[in-house]
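A.B. asks: Protein sequences appear in the order of chains C and W. When we follow this note's numbering, the leftmost residue of the first sequence carries the number 1390, and every step to the right adds one. When we follow this note's numbering, the leftmost residue of the second sequence carries the number 499, and every step to the right adds one.
Note that these hints are calculated values from the structure, not bench results. Some hints here could point you the wrong way.
Said to hold, decoys possible - Sample of chain C residues at the chain W side, in silico, Cβ under 8 Å:
hint, residue
1, Thr1588
2, Ile1643
3, Ser1645
4, Val1659
5, Leu1668
6, Ile1671
Quick reminder that beta carbons are idealized off the backbone N, C-alpha and C, glycines included.
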Amino acid sequence: MNMASPATAASPTPLVRARDLCVSFATPRATVNAVNGVNLDLAQGESLCILGESGSGKSVTLRALMRLNPPKRTVVTGELNVANQDVMQMTQAQLSQYRGPVVSMIFQEPLSALDPVFTIGHQIAEAIVRHEGISRKAARARALSLLELVQIPSAARRLGAYPHELSGGLRQRAMIAMALSCNPRLLLADEPTTALDATVQIQILLLLRKLQRELGMGVIFVTHDIGVASEVADRVAVMYGGRVVEEAPVEILIRSPRHPYTSGLLGATVHAGTRGTRLTTIPGAPPDLAELPAGCAFAPRCTRAEPGCHKAVPPLLEVTAGHHVRCPVVCPARIQAPINV
Amino acid sequence: MIERMPDRGGPQQPLLIARGLTKHFPLSKSLMRRREVVQAVDNIDFSVMKGETLGIVGESGCGKSTASRLIMQLIEPTSGEVIFDGESIGRSGLSLKKYRRQVQMVFQDSYSSLNPRLTIEESISYAPMVHGVPKSKAISRTHELLEAVGLAPSQYARRYPHELSGGQRQRINIARALALHPRLIVLDEPVSALDKSVEAQVLNLLIDLKKQFDLTYIFISHDLNVVEHVADRVLVMYLGKIAEIGPVDSLFSDPAHPYTQALLDSRPSMDPSRRRTEPPLFGDPPNPINPPSGCRFRTRCRKAWGLCAEQPPPFHQIKPNHSASCHAVALEAERVSE
Ligand SMILES: Nc1ncnc2c1ncn2[C@@H]1O[C@H](COP(=O)(O)OP(=O)(O)OP(=O)(O)O)[C@@H](O)[C@H]1O
Ligand SMILES: Nc1ncnc2c1ncn2[C@@H]1O[C@H](COP(=O)(O)OP(=O)(O)O)[C@@H](O)[C@H]1O
Ligand code: SF4
Ligand code: SF4
Ligand SMILES: [Mg+2]
Ligand SMILES: [Mg+2]
């Protein structure tokens, strides 16, 4: 296993560095601008949650990091470096050495990542043989230790199980084992616990946190649930209309969100203590990505909007160390120097 | 015009009583061996008081939807019965047609519960017209209902389901459920497919409509936060059985059943400085085809001992209206009373 040291200090070169990442899709009707200038920095061993509602561009961003969006209809621009490699320039051959050993991904539905006709053990061993060219026997032994790593009980017996023979939680663990088979430095997780029950979700979240710490991986975790972020994230980036509108260390984002959309979203989230109160809601609907407003994408729904908000996309400004907000109205330029509130 | 059916037994008589309700689905493939069954719902008893919201929580497959389909009389129970405002349903008592007017349902999947070929207006006015309401009356009622669920009739009445967002479709399903002036609405995961900000809108709406139309709800969800927010009393299910039932405050602040405790503890902390280090439970719920003997929770319960495998636990009342089905709870109570 890759035993890189856990994230104590951020390493000088980040594991992931994305600048002005844009993804659009050509559809028969119109061009869908799904991601519109995302910057991301992720240190080795760090965990970032991308939080947002349906259609905000979370999954497209994640797929862009792996160059998984359908090549023919997708236009991707911007800079993307992962583990000191320029992902935008990779050839197909380079991509196949990138996917797996450098970065791999887990999904909400494990059956989409696992092949129904092969046993779990066979699939994991195959992936290892393909990437590392070691003997089948050695690969099989590694597969067993991977199933143990993800805490599958009676792992030796489960090597011979087909995906459909496993319960939801075990299947999710098998998919994680598969994703870890080539010791990736970056793990991308697209809502891996959304379909799971509460008592199983917390098990998988704790497992992912433990694996990340022990293996020193960077993790980018997509979720629409702030509760999930509260359990696994170091930092949270909130997406709206294909842009990051706020980014902060997780405690700060939960305790003192600044962007009107983030405040609205957290205010609308049901939690212990909302009983008997009226939930605050955000009026209106998310923007049409084929016709994004010229200014702040949230302006048509924002109670704080000023005339200037409709004119130009506001910049993402740092309000305190590590806390960035894309709203000049709640975070005017004057107080952008680090302040202690 | 259709009117709401009158109250019969007064406020003290439960609006609905489920008595020994059981549904065992036969498994078709086990022809060779003795007939195996899925014990989806197994001998459950509960009542719903007039004007309250009874929340039903539990993990997927524990029988919540089967229970709701039994209540709706959409499937035949293996045994047990449903009593509505003092009358049993079917043969001798309340006719199915009269019952269906008073009890309506809203499902999780807002799309598949609407006919894609009908406009919103046609979908909502359909049932009243089947019940003999003249078309013009049914349409004007439909427009009132669209207003009530926050959708301007001029904008939405003529649209088709695919022209609406998930949240808007769920509003249509709610409007349609209200069309026959029901007394009880069974909501099966009504907000589970919605985004958080839309979930908040629909929950506010459901709370408003309950007051406005004097309704009683059975609210099914796997989301404990949502149930805590809306319910007056809560019923916790595990593998087809009731684990615990009680008033929302008492059950959430002082859960008695080990499963309820674990379920509550599984909620994310919302406080990164106090993250959990151990999961409250290991494994997934077992298969309802061959549920564990005795207490069905015993394979995952930290407190389980010999007796738990031998005998199904009895219901034990902990406080007024608050009971749990657990040997440890019963034993503890005995010890305290001695
Ligand atoms: N291959 C594609 N072709 C056209 N449009 C696409 C494609 N993939 C995604 N989109 C569009 O891009 C937008 C962002 O999609 P994305 O899947 O990133 O949303 P998301 O934030 O992950 O939402 P969810 O929470 O629903 O998963 C959506 O409007 C989606 O319809
Ligand atoms: N028509 C059916 N035939 C066979 N088994 C069923 C049928 N409907 C539900 N079940 C089974 O009954 C159990 C309870 O299901 P359900 O009531 O849908 O659970 P929940 O709504 O709590 O997720 C599950 O094991 C499910 O697979
Ligand atoms: S920039 Fe203007 S419209 Fe956008 S969030 Fe800030 S106040 Fe609202
Ligand atoms: S009856 Fe026994 S196994 Fe069941 S919940 Fe109580 S202590 Fe646990
Ligand atoms: Mg997605
Ligand atoms: Mg269900």
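A.B. asks: Could you run down the list of hints and mark each one as holding or not?
C.D. replies: Against the structure, the hints:
no.	hint	in the structure
1	Thr1588	holds, 4 Å
2	Ile1643	holds, 7 Å
3	Ser1645	violated, 13 Å
4	Val1659	holds, 5 Å
5	Leu1668	holds, 4 Å
6	Ile1671	holds, 5 Å
Hint 3 from the earlier list is the only one contradicted by this structure; the remaining hints agree with it.
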